[in-house]
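Engineer: In case you want the letters, here they are:
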Amino acid sequence: MDETVIGDHRLGRRTFLKRAGLVGAAIPMAGGLIAAACNDDKPAASKSVDYRTPEPGAATAKPATGASPAASATAVSVADQIDNDHKKAITDFLANQKTPLTKGKGNLPLEPTIENGVKVWNLTVDEIDWETVPGKVEKVRAYNKAVPGPILRATEGDRVKVNFKNNLTESTTVHWHGITVPNSQDGVGFLTQDPIRPGASWSYEFTLRNSGSHMYHSHHNSMDQVNRGLLGAFIVDPKDKASYPKYDREFIMVLNDSLLGFTINGKGFPATDALVVKKGERVLVRWLNEGMMNHPMHLHGMPMQVFAQDGYLLASPYKCDTLDVPPGNRFDTIIEATEPGAWAFHCHILSHAESPAGLFGLVTALVVTE
Amino acid sequence: MDETVIGDHRLGRRTFLKRAGLVGAAIPMAGGLIAAACNDDKPAASKSVDYRTPEPGAATAKPATGASPAASATAVSVADQIDNDHKKAITDFLANQKTPLTKGKGNLPLEPTIENGVKVWNLTVDEIDWETVPGKVEKVRAYNKAVPGPILRATEGDRVKVNFKNNLTESTTVHWHGITVPNSQDGVGFLTQDPIRPGASWSYEFTLRNSGSHMYHSHHNSMDQVNRGLLGAFIVDPKDKASYPKYDREFIMVLNDSLLGFTINGKGFPATDALVVKKGERVLVRWLNEGMMNHPMHLHGMPMQVFAQDGYLLASPYKCDTLDVPPGNRFDTIIEATEPGAWAFHCHILSHAESPAGLFGLVTALVVTE
Amino acid sequence: MDETVIGDHRLGRRTFLKRAGLVGAAIPMAGGLIAAACNDDKPAASKSVDYRTPEPGAATAKPATGASPAASATAVSVADQIDNDHKKAITDFLANQKTPLTKGKGNLPLEPTIENGVKVWNLTVDEIDWETVPGKVEKVRAYNKAVPGPILRATEGDRVKVNFKNNLTESTTVHWHGITVPNSQDGVGFLTQDPIRPGASWSYEFTLRNSGSHMYHSHHNSMDQVNRGLLGAFIVDPKDKASYPKYDREFIMVLNDSLLGFTINGKGFPATDALVVKKGERVLVRWLNEGMMNHPMHLHGMPMQVFAQDGYLLASPYKCDTLDVPPGNRFDTIIEATEPGAWAFHCHILSHAESPAGLFGLVTALVVTE
Chain A
1 MDETVIGDHR LGRRTFLKRA GLVGAAIPMA GGLIAAACND DKPAASKSVD
51 YRTPEPGAAT AKPATGASPA ASATAVSVAD QIDNDHKKAI TDFLANQKTP
101 LTKGKGNLPL EPTIENGVKV WNLTVDEIDW ETVPGKVEKV RAYNKAVPGP
151 ILRATEGDRV KVNFKNNLTE STTVHWHGIT VPNSQDGVGF LTQDPIRPGA
201 SWSYEFTLRN SGSHMYHSHH NSMDQVNRGL LGAFIVDPKD KASYPKYDRE
251 FIMVLNDSLL GFTINGKGFP ATDALVVKKG ERVLVRWLNE GMMNHPMHLH
301 GMPMQVFAQD GYLLASPYKC DTLDVPPGNR FDTIIEATEP GAWAFHCHIL
351 SHAESPAGLF GLVTALVVTE
Chain B
1001 MDETVIGDHR LGRRTFLKRA GLVGAAIPMA GGLIAAACND DKPAASKSVD
1051 YRTPEPGAAT AKPATGASPA ASATAVSVAD QIDNDHKKAI TDFLANQKTP
1101 LTKGKGNLPL EPTIENGVKV WNLTVDEIDW ETVPGKVEKV RAYNKAVPGP
1151 ILRATEGDRV KVNFKNNLTE STTVHWHGIT VPNSQDGVGF LTQDPIRPGA
1201 SWSYEFTLRN SGSHMYHSHH NSMDQVNRGL LGAFIVDPKD KASYPKYDRE
1251 FIMVLNDSLL GFTINGKGFP ATDALVVKKG ERVLVRWLNE GMMNHPMHLH
1301 GMPMQVFAQD GYLLASPYKC DTLDVPPGNR FDTIIEATEP GAWAFHCHIL
1351 SHAESPAGLF GLVTALVVTE
Chain C
2001 MDETVIGDHR LGRRTFLKRA GLVGAAIPMA GGLIAAACND DKPAASKSVD
2051 YRTPEPGAAT AKPATGASPA ASATAVSVAD QIDNDHKKAI TDFLANQKTP
2101 LTKGKGNLPL EPTIENGVKV WNLTVDEIDW ETVPGKVEKV RAYNKAVPGP
2151 ILRATEGDRV KVNFKNNLTE STTVHWHGIT VPNSQDGVGF LTQDPIRPGA
2201 SWSYEFTLRN SGSHMYHSHH NSMDQVNRGL LGAFIVDPKD KASYPKYDRE
2251 FIMVLNDSLL GFTINGKGFP ATDALVVKKG ERVLVRWLNE GMMNHPMHLH
2301 GMPMQVFAQD GYLLASPYKC DTLDVPPGNR FDTIIEATEP GAWAFHCHIL
2351 SHAESPAGLF GLVTALVVTE
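Protein chains in written order, with the working numbering: chain A, 1 to 370; chain B, 1001 to 1370; chain C, 2001 to 2370.
It is possible that part of the hints are untrue.
Stated by the list, open to error - Partial list, computed: chain B residues near chain A (C-beta under 10 Å): (1) His1086; (2) Ala1089; (3) Pro1303; (4) Tyr1318; (5) Gly1341; (6) Leu1350; (7) Gly1358.
Treat the hints as calculated values from the structure; they're not laboratory data. Values in this document were obtained by computation on a predicted structure and should not be read as measured data. A virtual CB, placed ideally from N, CA and C, is assigned to each residue, including glycine.
All chains, full assembly: derive it from the sequences and hints.
Structural biologist: In structure tokens:
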């Protein structure tokens, strides 16, 4: 929050990639580190490695228990297939950091306009095609044609107004999950308002009374609408920044599952963005679960310090390397980026992250450059 | 716990409704508030609303991406169907607060008799018909013919005895989940006792040594028996009330899922009870998960302060608006009822709470009257 | 950690059983206690019990609501079947404490050799047959032919080296879950190393920088490989033991689910090991979830004090009787063994623990002997 703090999501895409060393004429730092870490280009530098890929015949000579030579021959093919698929997924992920493999990018900041001292955002609600992983295009619903919708961000005490135009063929409402608003602005269909009909517009207006990592999403036919993409982050910075931890870099991680597959910020691995940071930085990661399942997010190499839940600072922060994020919860965490390298960062429900065809879904990497 | 504290569950149903302003000749406060909040009667008072339901033709004029006019015509019908169903669910819920839509009510207090200084309850175990939501009647198993069974409540240090008569066609046992009892009274079939055969009786007797929000339920063929209703709350008030937070009103929320659907206190939305409170009150909500799934319960408008887990006071309470309650856990929470209105209060696993046919299951509302 | 502390897993199986009084000429204490607790041998001593198994005719005379006599006759048979199955499961569990009902035992300590001041372990990776519950043999993958693999244990600051020989017909890698290692040793296929091909060997070497209850497991095709058994505990004792709670006895509980069924330390109930302790002991239980589901582990009779998560001491420990352990997390807990008896200790997702055929899966017992 001080002058040196710049959230990545406040920068344009190109600026972000440039900082991360992933575009431009100079040898890309992070890209180089990733390449070094990946044996695609050169072997991992480990003095203790005694690596040798045996000839197929060697494997046949020492078959696994009960495997006949014929079965082994087939098994080696299976091994090759698994390895090739796993390698392709990682290679694709690295390539995605330089040139996105999928069309469309969500979870980007949207500056408000100021009208009579009120911060105003204009959002549309559309049904669009959205590429979650390379080649997989889904019919989704989206705010401003992106999943997640734009990051709305303001400061405690601000008066804000958000105008919606519903271009869907069904009604919708918008709920400000975690934000204390007047009941009339709470966005629950038929309980606090009539839903916004197809073709209609609706405005919400309120003063931000509580800070934190919050969310906005549909609260009408929401099992379908939220799962299909009507969701976004709403970050309310505290007025008094003294009590909030200092950080050098920031990431907002919106988790989703079910109807559009397992996604972080609208994309499944290998189309997810790496978190590229510099060694020594204090990295703020905000977790927002918009899905229907718990996701225990596991960071390799370093722990996370959990210091806020649902926007409320914990009296007693705690460290972990696996943070279970239930649906609807938000956690603010700090990572001290002490360990250089490309560190896997994924849901530890393994069926959300890896199959015999390789890593997929709720997987990314924290890349700590030196 | 002081003189001003009166748990709703200690009152009869009529008294509860009267206090909540939901019966009687006077204009009902909460009912009025709910009605005001619900556009069924009059539109939500929002100065920022630019609401207009377009003509079907208008929607057709601006079809969603790729939708043909014919498809749009169908889509509008779908929109109407979704809206009508959603509205009916809310309307039914509001009606349910005045006149219950389902037969039977569980989770009601049962005063013990005193025999030689021992608090004694007599419970039957029956298979009965139970209406979980309007029109859906299930074969359940129940203590004293209600789901959940009666609330047993006593004070730390009390000697208690609970007599059971098993009218089922299968054996059962009763486990005092969370309560420290002698091993012989722990109720685990064939480990601490022979099960209570069909037609047989059994008594449990022990001294309450630890306070808290506890549970009693079957521990024999329990996956089936607990899921089908053999469960209830056992509240042990602390002997020394000084360390327990003060509160003005209290609710006990027993969650269940699976075999009888998603229920709060034996009923699914719209047959669930609203939590009706007055602005300014400190509201104690006790969460007891008797189901087989985690339920992240989300309160709109205000946070919950979590101060006890499984009856043990937390050294470091924390605030949240979404509280993940795993099976078997109990959490004691305080809500400061600062925000007037009808606030949705539901599981944020959206498939436990809403479908295209509207809200259902683990949904209720906190109604804060002024 | 002081001189009086002896983890059971550091003892051989026979020593463990002998201490627990489960083998040898003397009347076995724990066995006797279990037998006493189990009505198989003699009825539970309860003054309040009014137990009488009615004649079949008696049950028929008081049928459950709506049950015809004929239906009741059938129902009694169902009741008998349920009871017999439940009794057999408990009886088998007790028998298993004396003579294992299944072949193979995992989660046993493996002493390292010392080479130039480095602690060295040699592990194989094999496909083997593994009996998870009596009579159910699965094709699993295993480190050193046991599930879980051997317990690796060293002290913060130690230099360690682990050599693997891959005898599988597919590639693998090993990830040191929770341990801060150089990126090159992190074991993520194609991100930090090429996978270890069938027939190949690989060595990992690093200095232990953070203490705690950690894990090692495959990180290549891991949804399949970890689920099928490529997992083990890695305990790093703190260099400075002053800040770590004192304990008298220790258990390491590795949870798994999915492909091999619900298992604790590679076995499902009734083949699970009881936790046999003496009254008054402080018992350390380390929870390690290697599965794909949350497991809320419930202890009857006494609470657990949770004091560390993922190896990091909590600033504010908390008590509970039900501890939800998400996939990938580890919790260190202390049980004050104050209550004598045989206490059920199980996952409270009841479908992971009991069916009409009796207790199964994630179930064991804490046996507190006097």
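Engineer: At a threshold of 10 Å, is the proposed contact between B/His1086 and chain A supported by beta-carbon distances?
Structural biologist: holds (5 Å)
Engineer: Checking hints one by one. Is B/Gly1358 an interface residue toward chain A, by the C-beta closer than 10 Å rule?
Structural biologist: Since the shortest Cβ distance to chain A is 8 Å, the answer is holds.
Engineer: Going by Cβ atoms only, is B/Tyr1318 closer than 10 Å to chain A?
Structural biologist: Result: holds, 6 Å to nearest chain A Cβ.
Engineer: The hint names B/Leu1350 as touching chain A; please verify it with the least Cβ-Cβ distance against 10 Å.
Structural biologist: Since the shortest Cβ distance to chain A is 4 Å, the answer is holds.
Engineer: Answer holds if the nearest beta-carbon of chain A is closer than 10 Å to that of B/Gly1341; otherwise answer violated.
Structural biologist: Since the shortest Cβ distance to chain A is 3 Å, the answer is holds.
Engineer: Quick check on the hint: B/Pro1303 CB to chain A CB, less than 10 Å?
Structural biologist: Holds, because the Cβ-Cβ distance from B/Pro1303 to chain A comes to roughly 6 Å (cut-off 10 Å).
Engineer: Go through the hint on B/Ala1089 and say holds or violated, using the shortest Cβ distance to chain A against 10 Å.
Structural biologist: holds (8 Å)
In terms of the numbered hints stated before, the structure departs from none.
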